[in-house]
Every structure is written in structure tokens, then in C-alpha cells.
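> Position 267 of the sequence shown, counting from 1, maps to 267 under this note's numbering, and the rest follow consecutively.
Among the clues, some could well be false.
Listed next, the in silico DSS-like pairs over lysine-lysine satisfying Cα-Cα at most 30 Å (straight line) [as the list claims (entries may be wrong)]:
{"hint": "1", "residue 1": "Lys243", "residue 2": "Lys134"}
{"hint": "2", "residue 1": "Lys134", "residue 2": "Lys232"}
{"hint": "3", "residue 1": "Lys243", "residue 2": "Lys128"}
{"hint": "4", "residue 1": "Lys201", "residue 2": "Lys189"}
{"hint": "5", "residue 1": "Lys189", "residue 2": "Lys232"}
{"hint": "6", "residue 1": "Lys254", "residue 2": "Lys133"}
{"hint": "7", "residue 1": "Lys138", "residue 2": "Lys39"}
{"hint": "8", "residue 1": "Lys70", "residue 2": "Lys138"}
{"hint": "9", "residue 1": "Lys3", "residue 2": "Lys24"}
{"hint": "10", "residue 1": "Lys138", "residue 2": "Lys189"}
Simulated DEER-style distance windows between Cβ atoms [to be verified]:
{"hint": "11", "residue 1": "Ser45", "residue 2": "Thr263", "range": "50 to 58 Å"}
{"hint": "12", "residue 1": "Asn265", "residue 2": "Ser188", "range": "41 to 49 Å"}
{"hint": "13", "residue 1": "His235", "residue 2": "Lys39", "range": "34 to 42 Å"}
{"hint": "14", "residue 1": "Glu271", "residue 2": "Ser75", "range": "37 to 45 Å"}
{"hint": "15", "residue 1": "Asn207", "residue 2": "Lys39", "range": "43 to 51 Å"}
{"hint": "16", "residue 1": "Thr68", "residue 2": "Leu269", "range": "30 to 38 Å"}
{"hint": "17", "residue 1": "Asn265", "residue 2": "Asn245", "range": "26 to 34 Å"}
{"hint": "18", "residue 1": "His235", "residue 2": "Val73", "range": "36 to 44 Å"}
{"hint": "19", "residue 1": "Leu269", "residue 2": "Gln182", "range": "29 to 37 Å"}
{"hint": "20", "residue 1": "Asp253", "residue 2": "Lys141", "range": "45 to 53 Å"}
No lab work stands behind these hints: they were computed from the structure. All C-beta atoms, glycine included, are put in the ideal place defined by N, C-alpha and C.
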Amino acid sequence: MSKIISLTGDLGSGKSTVSAILCKTLDYQYIYTGQIQRKIAERYSMTTNELNVYAETHPEIDREIDDTFKSLVDSKDLIVDSRLAWFFIPDSFKVFLKTNIVVSAQRISGDKERLNENYCSIQEAALKIIERKKSEIKRYKLYYNVDCLDFTNYNLIIDTTEISPDEVCQIILAEYREFCRQGSVYKSKALVSPKNLYPTKEHDSSNVVEVINCDSFDYILCGHSIVADGIKEKHRLLSVVYKNNPQQQMNPDKGLLKKWQSTNNFTYLIEP
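Model the full assembly from the supplied sequences, consistent with the hints where possible.
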């Protein structure tokens with residue numbers, strides 16, 4: 001069993017903070033590629049967003065980063081923070097951290113370490129996040145034929161919108177121990193904020209919440225009543241099952257979204 005936790009996820013989801021806590025708790029080494037990417041960007045006198053666009057036509061940029069991870073397959077006792085670590089280290093415990101894009105933008109705007117990523121507003125930061133995500137998805141699909149937003153690729157998905165880094169780490173550590181104990185029979189888990197799930201109908205009687213991610217938004221396929229109860233009972237996390245259908249397009253019903261928020265007495269941070 002590979003003793004490696006591969007960590008990826010949304011910008012501003014807390015990957016760096018969580019990785020640092022995990023390394024201290026487990027006494028693991030930390031491999032952090034975001035820092036490598038920024039150093040490359042500085043070498044090219046670019047922002048990271050500009051480097052992402054540049055890399056779409058210059059594969060040597062990704063190769064420089066990715067070759068680092070290909071060499072880690074036989075390593076152990078590592079926390080690897082990288083977009084494609086789960087792909088290059090397939091036996092690792094694969095974790096994806098999600099967060100609401102508005103919260104992501106707020107966190108990034110207040111991150112003093114991202115000195116070359118200056119934003120005038122939260123809205124601009126959110127737009128840049130979407131732009132960067134689309135660029136990365138396009139590039140990885142082209143070079144490796146993988147979809148980083150196919151959540152069936154991961155062992156554990158956690159929405160960090162409403163929980164602290166310490167709480168995130170507690171969940172990861174508990175599940176990592178189960179993963180190491182159970183091996184191939186370990187069942188993947190996804191825990192998301194019910195306030196980040198968007199309805200496709202008013203209600204249904206399913207006892208399982210199934211969702212699909214489309215254009216960075218999670219839509220409820222079934223389990224609407226469970227999600228509604230979770231919102232009303234102020235649950236910060238809800239267990240869901242992700243379904244992957246790259247061809248499926250979602251057309252959010254603005255009237256349904258308005259009624260859903262009114263019925264459940266809350267307001268989305270952002271609507272699709």
C-alpha cells in the first residue's frame with residue numbers, strides 16, 4: 001500500500017494549510033507544486049494565469065512540473081499537493097478539496113503569498129478562477145485525456161466552504177486510516193455543503209443524494225428531500241454520490257432556484 005496522500009482541488013480550498021497540518025501530524029514530507037509553478041511563471045515574467053494560457057501551446061511547461069511526480073510512484077510518507085498527483089501516483093489516497101467559488105475568491109484575494117495574483121475585486125478573482133480552471137481542464141484533457149473534475153477519480157472529496165482546516169484534516173486522517181486498513185475494498189466518499197447543491201426538481205423520495213458536476217456547479221439528480229433537510233437542519237456537510245456524464249448539460253431553472261431558496265430559508269452565495 002502506497003503511503004502517499006495526493007491532494008488536489010479548487011483554488012482557495014485550503015490545500016496548502018491542510019497539507020501542512022497533515023505533514024506535521026503524520027511526519028510526512030510535503031511536495032508542493034503550486035510553488036514550483038509560480039517559480040516557473042516568475043522565470044517567464046508571467047502571472048500564473050498567463051503561464052497557464054502559455055502552457056496550452058508549450059507542453060514543456062507541464063512536462064517540467066509533471067516529471068517530478070512520475071518519479072514519486074515508489075516513494076512513501078508523502079503529502080503531494082498537485083493537480084495531477086492522483087493520476088501520476090494511482091495507488092495514493094486521492095483527496096479532492098472543493099469550495100464555493102465566492103469563498104475561493106475571498107480566500108485568494110486575502111492570500112499575501114500570491115503576490116503576483118493581484119485582483120481588484122472578489123468578482124474579478126472569481127472570474128479569474130473560472131478562467132484558470134477552464135485552461136487547466138482543457139490542457140490536461142489534451143495532454144493526458146483525463147478530466148480533473150470527474151470526481152469518480154478520487155477516494156475522498158470534501159467541501160471546505162464551511163469547515164475549518166483542522167476539521168478537514170480530521171476527516172482526511174480518519175478516512176486515510178480506513179483506506180490503509182481496507183485496501184482495495186475501501187469505498188470512496190464525498191462530503192459537500194448542502195448549500196452548494198443546486199436543485200433540478202422540487203423534491204423526490206430517494207434515500208441517496210446523487211449529484212453531477214457541470215461547469216463547476218453541482219446539480220442534484222436525486223435526493224432533493226435529503227438536501228433540503230440538510231439545509232434546514234444546518235448541516236455543514238452531506239454525504240453524496242457523484243455521477244459522471246461528460247455529455248450531460250444542465251440548464252438551471254431560475255424560478256426553481258428562487259423557490260428552493262425561499263422554501264429552505266437560505267440564499268446561495270452564487271447561482272449558475
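> None of the hints should be skipped; say for each whether it holds.
Quick rundown of the hints versus the structure:
1. A hinted pair counts as satisfied when its Cα atoms are at most 30 Å apart, and Lys243 with Lys134 qualifies at roughly 20 Å.
2. Of the pairs offered as hints, the one joining Lys134 and Lys232 is violated, with about 33 Å between alpha carbons and a cut-off of 30 Å exceeded.
3. For the given pair, Lys243 sits about 27 Å from Lys128 by alpha-carbon distance, which is consistent with the 30 Å threshold.
4. For the proposed pair Lys201 and Lys189, the alpha carbon gap of about 24 Å is at most 30 Å, so the pair holds.
5. Among the hinted pairs, Lys189 with Lys232 is consistent with the structure: their alpha-carbon atoms are about 23 Å apart, no more than 30 Å.
6. Straight-line distance between C-alpha atoms of Lys254 and Lys133 comes to about 25 Å, which keeps the hinted pair within the 30 Å bound.
7. Annotation: proposed proximity of Lys138 to Lys39 holds, straight-line Cα distance about 22 Å (limit 30 Å).
8. Our distance criterion of 30 Å between C-alpha atoms is met by Lys70 and Lys138, whose separation comes to about 21 Å.
9. With a CA separation close to 15 Å, the supplied pair Lys3 and Lys24 stays within the 30 Å bound.
10. The straight-line distance between the Cα atoms of Lys138 and Lys189 is roughly 26 Å, inside the 30 Å bound, and the hint therefore holds.
11. At about 52 Å, the beta-carbon gap between Ser45 and Thr263 stays in the expected band of 50 to 58 Å.
12. Judged by the Cβ atoms, the range 41 to 49 Å given for Asn265 and Ser188 is violated: they are separated by roughly 32 Å.
13. Remark: the range hint 34 to 42 Å for His235 to Lys39 is upheld by a beta-carbon distance near 41 Å.
14. The hint said 37 to 45 Å for the Cβ distance between Glu271 and Ser75, and at roughly 43 Å that hint holds.
15. For Asn207 and Lys39, the Cβ-Cβ distance of about 49 Å falls inside the hinted range of 43 to 51 Å, so the restraint holds.
16. Between Thr68 and Leu269 the beta carbons are some 35 Å apart, a value that agrees with the proposed interval 30 to 38 Å.
17. Checking the proposed 26 to 34 Å range against Asn265 and Asn245 shows it holds: the Cβ atoms sit about 31 Å from each other.
18. Take His235 and Val73: their Cβ atoms lie about 38 Å apart, and the range 36 to 44 Å holds.
19. Taking 29 to 37 Å as the suggested C-beta distance range, the pair Leu269 and Gln182 conforms, at roughly 36 Å.
20. Roughly 29 Å separates the CB atoms of Asp253 and Lys141, a value that falls outside the hinted 45 to 53 Å.
The structure is inconsistent with the numbered hints 2, 12 and 20, although it conforms to all the rest.
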